[in-house]
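Asks: Protein chains in written order, with our numbering: chain A, 46 to 226; chain B, 43 to 256.
Be aware that a few hints might be false.
What the hints assert, rightly or not - Result set (DSS-like, lysine-lysine): computed pairs, CA atoms no more than 30 Å apart in a straight line: (1) A:Lys-105 x B:Lys-229; (2) A:Lys-141 x B:Lys-228; (3) B:Lys-136 x A:Lys-147; (4) B:Lys-180 x A:Lys-141; (5) A:Lys-105 x B:Lys-180; (6) A:Lys-141 x B:Lys-229; (7) B:Lys-228 x A:Lys-105; (8) A:Lys-141 x B:Lys-122; (9) B:Lys-229 x A:Lys-147; (10) B:Lys-122 x A:Lys-147; (11) A:Lys-150 x B:Lys-180.
Derived from the structure by calculation, the hints contain no laboratory data.
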Amino acid sequence: MKTSPTLAFSMLFLLFWGSIAAAPLVCQGSGGAASGKLTVPGGTVIHLVLMDDLQGRKMKVGEQVHFLVREDQVIDRQILIRNGSIAVGHIALATKNGFVGKSGKLGIQIDSAIAVDGTKIRLRGGPEVVGGREGAVTAAATAEYGPGALFIRGWDARIPVGTKLNAFVDGDQAVSIPPKP
Amino acid sequence: MDNARVIQMSQKGLGDDVIIARIKSSVTRFKLSDDDLADLKKASVSDKVVAAMIDSTRLTIPRVQIDGNPVQIHTIGEQKVGGRLGHDLTMGIKSVKNKAYLEGQHASVIASRNPVIEIELPPNDTIDNYIVVEMDGKGDRRELEIGSIGGTVGEKVGIRSDRIMRISAAPAGGQHYKITTVEQLKKGEYILYAVGSADFPHGVYGHGFDFTVQ
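Work out the full structure: start from the sequences and follow the hints.
Replies: Pasting the structure below:
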């Protein structure tokens with residue numbers, strides 16, 4: 046079957062406009078600025094600095110922990126998460142140091158950061174630290190000095206203020222681009 | 043001090059020598075790409091001042107980032123003798139260890155188990171001078187065995203080979219390299235150690251860039 050040139054042109058014209066009309070509102074990566082929303086892809090690394098001094102024996106599970114975002118998160122030349130904005134997490138694990146050289150443990154879960162439009166960006170990741178390995182020393186001390194050495198306490202787990210660490214964006218998330226002044 | 047400040051000083055009519063003296067006595071954050079240099083030229087900043095700006099960015103110590111986080115160089119300047127109890131208990135079979143250490147339970151950078159170490163070396167430094175070494179976490183410090191005396195081995199000096207991690211260094215242009223570990227690291231304390239940086243008579247047991255792996 047032969048198609049006339051006019052009909053073929055009309056079909057191409059309709060296909061072209063149809064594809065524009067069907068374009069998604071939220072774009073990932075390049076070319077999304079005009080639509081008003083951009084997507085922060087899941088797995089994007091967010092560099093953070095810890096703002097609290099954390100000590101395993103003083104912290105409680107669920108207690109809030111604060112971070113600062115250390116670098117602008119730029120997508121498609123737009124800053125979506127600003128350097129210096131706040132990120133929050135919580136204590137996921139906190140055990141005290143104890144006798145027989147038992148060291149404390151401390152785990153943080155990083156929850157979210159605030160994007161330029163005020164949206165909470167869900168984050169994942171977070172470190173877990175132990176207070177040090179002193180088990181062998183305690184065992185040797187017990188052998189040398191007897192049961193009295195069982196009262197040797199392990200170390201408390203600590204993560205000092207200023208520690209630099211990374212979190213990851215938990216799945217694709219849309220951020221509105223603020224209008225330019 | 044940044045490019046804008048230099049342009050400002052130049053436009054205020056301050057002499058080259060004054061601007062250069064200020065550059066030398068300040069912490070600088072110059073941007074010196076071709077476009078930035080053209081902007082400085084357009085703003086009538088003299089070649090002499092631009093040369094001083096370029097000179098101020100020359101590295102004297104390596105610049106290191108681990109998983110994208112900048113790490114400061116640390117000097118291992120403290121040392122202790124350990125393992126005396128084990129030595130006594132085993133009737134001298136176990137050696138006494140000489141350990142250098144860094145203060146603090148953990149490093150100020152927490153890295154992944156497959157850390158990407160980006161290093162920019164100063165001129166005349168080579169990537170062969172850098173090794174990744176596992177340290178012992180000890181509650182209030184991180185220890186590095188630098189020698190042992192007695193026991194079955196007699197005397198040994200240097201970092202234990204089983205504590206040195208296998209690494210792969212890929213050139214990334216100029217004096218930039220990307221170091222990765224061949225195997226996934228265990229949770230613990232590590233240091234990117236500069237081989238030959240120790241100066242025992244002066245109480246320096248080496249320099250390095252420490253990090254904690256989670």
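Asks: Give a verdict on every hint.
Replies: Going down the list of hints, with the structure as the test:
Restraint check: the Cα-Cα separation between Lys-105 of chain A and Lys-229 of chain B comes to about 23 Å, which is no more than 30 Å; the hinted pair holds. Between Lys-141 of chain A and Lys-228 of chain B the alpha-carbon distance is near 23 Å, which keeps this suggested pair within the 30 Å criterion. With a C-alpha separation of about 25 Å, the suggested pair Lys-136 of chain B and Lys-147 of chain A falls inside the 30 Å cut-off, and the hint holds. Between Lys-180 of chain B and Lys-141 of chain A the CA atoms are separated by roughly 16 Å; this keeps the pair inside 30 Å, and the hint holds.
A C-alpha spacing of about 24 Å is found between Lys-105 of chain A and Lys-180 of chain B, which places the hinted pair at or below 30 Å, so the restraint holds. As the CA atoms of Lys-141 of chain A and Lys-229 of chain B are separated by approximately 20 Å, the hinted pair is consistent with the 30 Å bound. Only pairs whose Cα atoms come within 30 Å are accepted, and Lys-228 of chain B paired with Lys-105 of chain A is accepted, the gap being roughly 27 Å. Taking the CA atoms of Lys-141 of chain A and Lys-122 of chain B, the gap is about 28 Å. The hint holds against a cut of 30 Å.
Of the supplied pair hints, the one linking Lys-229 of chain B and Lys-147 of chain A holds, its CA atoms being roughly 18 Å apart against a limit of 30 Å. Proximity of Lys-122 of chain B to Lys-147 of chain A is assessed by CA-CA distance (about 23 Å); at most 30 Å being required, the pair is judged to hold. As the CA atoms of Lys-150 of chain A and Lys-180 of chain B are separated by approximately 14 Å, the hinted pair is consistent with the 30 Å bound.
Consistency note: the structure conflicts with none of the earlier hints.
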